[in-house]
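With the hints as constraints, model all of the structure from the sequences given.
There are 2 protein chains.
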Amino acid sequence: MFSASTLPPGPLEKVFQYIDLHQDEFVQTLKEWVAVESDSVQPVPRLRRELLRMVGLAADRLRGLGARVASVDAGFQQLSDGQTLPIPPILLAELGSDPKKPTVCFYGHLDVQPARQEDGWLTDPYTLTEVDGKLYGRGTTDNKGPVLAWINAVSAFKALDEDLPVNIKFLIEGMEESGSLALEELVRKEKSGFFSSVDCIVISDNLWISRRKPALIYGTRGNSYFTVEVKCRDQDFHSGTFGGILNEPMADLVALLGSLVDASGRILVPGIYGHVAPVTEEEKRVYEAIDLDVEEYRNSSQVKKFLFDTKEELLMHLWRYPSLSIHGIEGAFHEPGAKTVIPGRVIGKFSIRLVPHMDMSVVETQVKQHLEYIFSKRNSSNQMTVSMALGLHPWIANISDHQYLAAKRAIKTVFGTEPDMIRDGSTIPIAKILQDTTQKSVIMLPLGAVDDGEHSQNEKINRWNYIEGSKLFAAFFLEMAKLHSSW
Amino acid sequence: MFSASTLPPGPLEKVFQYIDLHQDEFVQTLKEWVAVESDSVQPVPRLRRELLRMVGLAADRLRGLGARVASVDAGFQQLSDGQTLPIPPILLAELGSDPKKPTVCFYGHLDVQPARQEDGWLTDPYTLTEVDGKLYGRGTTDNKGPVLAWINAVSAFKALDEDLPVNIKFLIEGMEESGSLALEELVRKEKSGFFSSVDCIVISDNLWISRRKPALIYGTRGNSYFTVEVKCRDQDFHSGTFGGILNEPMADLVALLGSLVDASGRILVPGIYGHVAPVTEEEKRVYEAIDLDVEEYRNSSQVKKFLFDTKEELLMHLWRYPSLSIHGIEGAFHEPGAKTVIPGRVIGKFSIRLVPHMDMSVVETQVKQHLEYIFSKRNSSNQMTVSMALGLHPWIANISDHQYLAAKRAIKTVFGTEPDMIRDGSTIPIAKILQDTTQKSVIMLPLGAVDDGEHSQNEKINRWNYIEGSKLFAAFFLEMAKLHSSW
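Line order of the protein sequences matches chains V and F.
Heads up: the first sequence at position 324 corresponds to 324 in the UniProt record's numbering, and the numbers run straight through without jumps.
Heads up: the second sequence at position 28 corresponds to 28 in the UniProt record's numbering, and the numbers run straight through without jumps.
What the hints contain is simulated information worked out from the structure, not anything from laboratory work.
All clues stand as given, with none of them false.
Only pairs whose alpha carbons sit at most 20 Å apart, straight line, appear in this in silico DMTMM-like list of lysine to aspartate or glutamate:
| # | chain 1 | residue 1 | chain 2 | residue 2 |
| --- | --- | --- | --- | --- |
| 1 | V | 191 | V | 73 |
| 2 | V | 339 | F | 454 |
| 3 | V | 339 | F | 177 |
| 4 | F | 284 | F | 312 |
| 5 | F | 305 | V | 236 |
| 6 | V | 482 | V | 401 |
| 7 | F | 231 | V | 262 |
| 8 | V | 339 | F | 330 |
| 9 | V | 377 | F | 262 |
| 10 | F | 377 | V | 262 |
Not close to chain V: a few residues of chain F, all C-beta gaps over 12 Å, as computed:
| # | residue |
| --- | --- |
| 11 | 21 |
| 12 | 124 |
| 13 | 418 |
Every residue, glycine too, gets a C-beta built ideally from N, C-alpha and C.
In structure tokens form, the structure reads like this:
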């Protein structure tokens, strides 16, 4: 927390006090949002209804701030089995249109990854539970908490009847965890409409790389998600009656997946490193300046040993080199116990995190050719089908843009420190989409601590991060306004 | 059907005529038994009560034959949720104890697999329905029909007041589809009691490999079921935030599973074939004599191509060579959709079908050493644990034992043909348990045709198989008695 002596003068002081005094209300609202199982990943009608309900709740909240909210119909999602599900509407909201103020647009999402208590959650994932200042629950840090922190900041100005230093826009979607279906099309359509007056776009959908030190993010990796299906027939077999005479699809699939990456993490697809940007001297210095205690990082990650020992190697392999992960297999036996099945049709899933200047369609071709070669060598009678299910470009920003300066100053005000200048190894496609489509600058301004566990069991956001993050956004408004007056 | 000219003289002639004349009664009794939903797989009180009722019906029927029936209490089944259900009593019944006659013990079971009409049954699974000579219903072929065929054979002798050529014993259980709980313990206890006077044990719980040609079964494969766990930590990781710096458990596991079997189905665990019995010339001739249309078999299996082209190679790889199947992975992403998870802890599952004279503990050591070697070469920081979760011995009978000779002669009498001498590629632990525990010879004498669909929808037994099977058992009694007089 900041000490009284560093309190900024004027309206911000009152805003900070308001946020501190109303923090329990803010936590309560987060609890209400977490209670909605807005899982966009599992394509089932019940969850899709919950997701639509979540978008409705958020729209109501934005209207409560006085914003004009457009709930834009986003059409339908086609499932592979021929069914369709509605895509939740995308919210476009605006508050203020003073031409003398800069316009800051916040992007966030309301959908979450799947979570079930039996997967290893210590509390019900959809009941926000506070333990030692940690707010556990699915979506607390990814991304419901940060969306609400931005709303909290705005609501503090409104409640105090203070003039908002900036015009505010919101772009809120419900399909981020499923590839942001329909978003790009909308952004393209609204380039000269909703986005024309925007000065910069803020995304807060990542984490710091520390538990206490804030960070700014200037790049993210892309992702090519592949499925490789091997099919003998649609029905499964019994291993007693067919074991020994079949090209078993699982044996083929395991060989295919085993050909992708070696034990040192190096991707074995020929040519894959051909377009990776070389490391510059300046870049090396940015990595050297980052505050990371490798030993503490390793311990907090609960990992016995990483593939690399130095800070620079670790961070570069997370942020600026590609990586390949095998996620799982659909169609095989996955439950506890011992079932003697020969799966008839299995689908392996893996993805490659992409970095500048890898080209997605080149990667797609390289992967397909490689797997076809490996499969052909097996001389199997099964059918193999490789698909790139999802392709998302990497993103990199110019860190001398205004919003980076404003964010640095706001961080200094609230946290009393310089931020780590980092990238994110994950893929937040919206950054690249928004930047390319709107031609506006994008900044990633994360609130969550490194140990928040987004996408995994026991996801949480610290109460401190959530509340100080709300203040950070308020301070950011003011710094943007100050910089704007000197434009 | 047999023609009049091949009718055997004496009592058997009358028995066969009796069976033909009373076949509708026999079908009616099967209908009454099928009407009892004696499902032992779904552990719910209603079904367990039905199962107990079924055992009671069978005990009454055996008493009606004049048998002394002991209904042996088998205790309780512990369910994983802490509940208990009664295990149905095991029936030990005997009819006749003439020391001049051989004693033949029939093993059968009264429980069935689950069945619901909406799973794809064309008729109510618990209402026996005859269509074109096929008797559809759950349990018709597995195993109520064969149990009743044995009872029909005995009842024909009794009704005609003919002297039974053999002493008869029955071992009838109600938990076969759920691992034959409590059976092994009882058999062990009764080795010197109930089983001491037994000359051979008959099991009729499999199928022919043809629609019309009878078979005798002289072997079944065993099974060693393995789990191999690779663990980095209990929680999963996000591939964006950790992809590139971890020894990912899935990469390790895929490499381990990929080291087990090659594309031609050959198991790669060193030494695994060391104890597989060599193929003898006599054995080759047994395989050559088997009636199997490979093309029809392949088509009905809906498989594009098998690993082998000839009948002999196919059957040997199903019955007398080991096979390894990879069943699946627990802990990885297995659902539809695209989840970018790095599973933190994954458990691969595979099993090896064992054949004579493979030794389960040797196989366990070979598999563990192999996987430890493969894992050590990867230099991974993860933890690997290999366990043999389940081990079931293979079984093989001596086909020159009396009961095989008697069965062949009985088949010749009833069907006018030599039987296919076959094995079963699956694991039927009861044969091995009975043989090892009682030290008595076991024979598998199936009645059902290859297309009976045991365990699946629209299970049936042909009226012809049921009625001629009753005759077959009667003829078997007589052949056993004849052989006995020459012992």
